[in-house]
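Taken in order, these protein sequences are the chains called A and B.
According to this note's numbering, the residues represented by the first sequence are 1 to 262, in order.
According to this note's numbering, the residues represented by the second sequence are 1 to 215, in order.
Please keep in mind that the hints were generated in silico from the structure rather than gathered at the bench.
Every residue gets a Cβ at the ideal spot worked out from N, C-alpha and C, and that includes glycine.
Errors might be hidden in some of the hints.
To be verified - Just a sample of chain A residues kept apart from chain B, beta carbon distances all over 12 Å, derived:
#1 Glu84
#2 Asn112
#3 Val120
#4 Asp143
#5 Ser180
#6 Pro235
#7 Arg246
Claimed, not checked - Not everything, but these chain A residues come out facing chain B in the computed CB check (under 10 Å):
#8 Asn52
#9 Thr56
#10 Phe104
#11 Arg164
Unchecked claim - Stretch-level coverage of chain B by chain A, calculated; a stretch enters the list once three of its residues show a Cβ under 8 Å from a Cβ in chain A:
#12 67-75
#13 104-116
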Amino acid sequence: MAEPIVRIRNVEKSFGQNRVLRDVTLDIERGQTVSIIGASGSGKTTLLRCINLLETYDAGSIEVDGVEVGYRSTGNGRRRRRSETELAAIRADIGMVFQLFYLFPHLTARQNVMLGLVKVRGKSKAEATEIADHWLDRVGLADKKESLPAELSGGQQQRVGIARAVAMSPKVLLLDEITSALDPELVGEVLLVVKRLAEEGMTMIVVTHEMTFAREVGDRVVFMDDGLVLEDGPPDEVLLNPKHERLQSFLKRLNLAGIFAT
Amino acid sequence: MWAAIESLPFLVQGFLVTLQVSFLVVAISLVIGVVMGTGLVFGRWWLYWPVRLYSDFIRGIPVLVLIFFVYYGLPVLGLNLDNFWAAVAALTAFKVAHVVEIFRGAVQSIHHGQMEAGKAIGLTFWQRLTWIILPQAVRRFLPPWINAVTDAVKGSALVSLIGVVDLMLAVQQVIGRTYEPMPLYVTGAIIYFLINYSLSTVSRRLEVRFSYIRD
Chain A
1 MAEPIVRIRN VEKSFGQNRV LRDVTLDIER GQTVSIIGAS GSGKTTLLRC INLLETYDAG
61 SIEVDGVEVG YRSTGNGRRR RRSETELAAI RADIGMVFQL FYLFPHLTAR QNVMLGLVKV
121 RGKSKAEATE IADHWLDRVG LADKKESLPA ELSGGQQQRV GIARAVAMSP KVLLLDEITS
181 ALDPELVGEV LLVVKRLAEE GMTMIVVTHE MTFAREVGDR VVFMDDGLVL EDGPPDEVLL
241 NPKHERLQSF LKRLNLAGIF AT
Chain B
1 MWAAIESLPF LVQGFLVTLQ VSFLVVAISL VIGVVMGTGL VFGRWWLYWP VRLYSDFIRG
61 IPVLVLIFFV YYGLPVLGLN LDNFWAAVAA LTAFKVAHVV EIFRGAVQSI HHGQMEAGKA
121 IGLTFWQRLT WIILPQAVRR FLPPWINAVT DAVKGSALVS LIGVVDLMLA VQQVIGRTYE
181 PMPLYVTGAI IYFLINYSLS TVSRRLEVRF SYIRD
């Protein structure tokens, strides 16, 4: 099997007394889409945020494409936090889409996508405009390029968020509950965009509450509970035949048994 | 009444000094205040605490005490400023503290997600500050800052107490010659008002200019 693009090894993190990640080890293959599910507080979002060091972790290591992300091991178990410049360069290759979009409100949709291309990738205005327009077309916002975020619906804003992330051609895309803040009728348009990306071979880690989506789009589903990875396998196996009692009760609480039985 | 009109050229001299003092104070305090404010919001403890202490201390004492301290007190320590520069220095030191707090408020009102989104696309700290945080913070910085600027113009009248012939002292000197306080105080008040009113007008224009919600 090829080298995994994301290698998470024995990651530990505590907020005070509360251990939110316990010895998490996970590999993600190139081109794979992995859904992480679990109850609120299970650590899934924290794990995702550790991958591009929006959250620090106490021990273990995370590598993306062979490069240790937030820290550099200096031998005998010690590590040093990477400098601001090193971190920025590494983060540029890791895309992230946020639950609350976090578009830049003072910039138009196009400028939102262009900012990283110009300032980080060093593209010319013309090149960046071309790339931005390409991706905005792809997410179905060809007619909204000049719009400010405040003039867009939630679903449209989130699609700009996706375009902003993928325009950087990241090695891996992190999606953090990207439909949780959307009105139900807007969820579909966003998930459709993600599904297309998955089909085209974008490597994605998707933290989600949408079980049907996790099942459809994911090559793998990972169930986390209380900071631990409890199950990890093909969607149907994990969601239809949950081995672990915690996952069984989690799915029961979501009342999904009926949906998946069909 | 005539006295007021005849003395106008002299009052204009004072008016120019008031403008000069105000302009220097506002410009210097803006630069220093923003730099120190950045230290306060983003700095580690060794940057944070000195700024915090400075701001709290300065804002806790009357500005007149500060002016007298710089003019009468500092020479004891070997720093001799003439009254004009002592006035500018004291008012600037005072205004810096306000700019620091206004800057802090403006920057902290920007959602932390904006910083995160900037990190996620690989921008460095200074890039995030320049392209994401500051452009948004300007809008929230301007209104209270213009207030602080008008305060600085009004507060500059205090420099008359160490003998700087600004608008205030010019008015008083003319009154000393003509014994006609009413028309002169009214003239002085009108000039102060005109300065500050035009400032607020400019401010409203700027706020519209920097607003990113199109109406």
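How the hints compare with the structure:
With a least CB separation of 5 Å from chain B, glutamate 84 of chain A falls inside the 12 Å interface cut-off, contrary to its annotation. With a minimum CB-CB distance of about 9 Å to chain B, asparagine 112 of chain A fails to clear the 12 Å threshold, and the non-interface call is violated. Distance to chain B contradicts valine 120 of chain A as a non-interface residue, since its nearest Cβ pair spans about 4 Å, not more than 12 Å. Every CB of chain B lies more than 12 Å from the CB of aspartate 143 of chain A, the least distance being 17 Å, so the non-interface label holds.
With a least CB separation of 14 Å from chain B, serine 180 of chain A remains clear of the 12 Å interface cut-off, as annotated. The beta carbon of proline 235 of chain A is kept farther than 12 Å from every beta carbon of chain B, the shortest such distance being approximately 27 Å. Every CB of chain B is more than 12 Å from the CB of arginine 246 of chain A (nearest about 30 Å), matching its label as outside the interface. Evaluation of the asparagine 52 of chain A hint against chain B yields a held restraint, the C-beta minimum of about 6 Å falling below 10 Å.
At about 13 Å, the closest approach between the beta carbon of threonine 56 of chain A and any beta carbon in chain B exceeds 10 Å, and the interface hint on this residue is violated. Look at phenylalanine 104 of chain A: its Cβ gets to within about 6 Å of chain B, closer than 10 Å, so that hint holds up. Of the supplied interface hints, the one on arginine 164 of chain A holds, with its beta-carbon coming within about 7 Å of a beta-carbon of chain B, less than 10 Å. With a cut-off of 8 Å between beta carbons, the stretch 67-75 of chain B has 0 residues touching chain A; three or more are needed, and the interface restraint is violated.
Coverage of the stretch 104-116 of chain B by chain A holds. Counting CB-CB distances below 8 Å, 4 residues qualify, and the rule asks for three or more.
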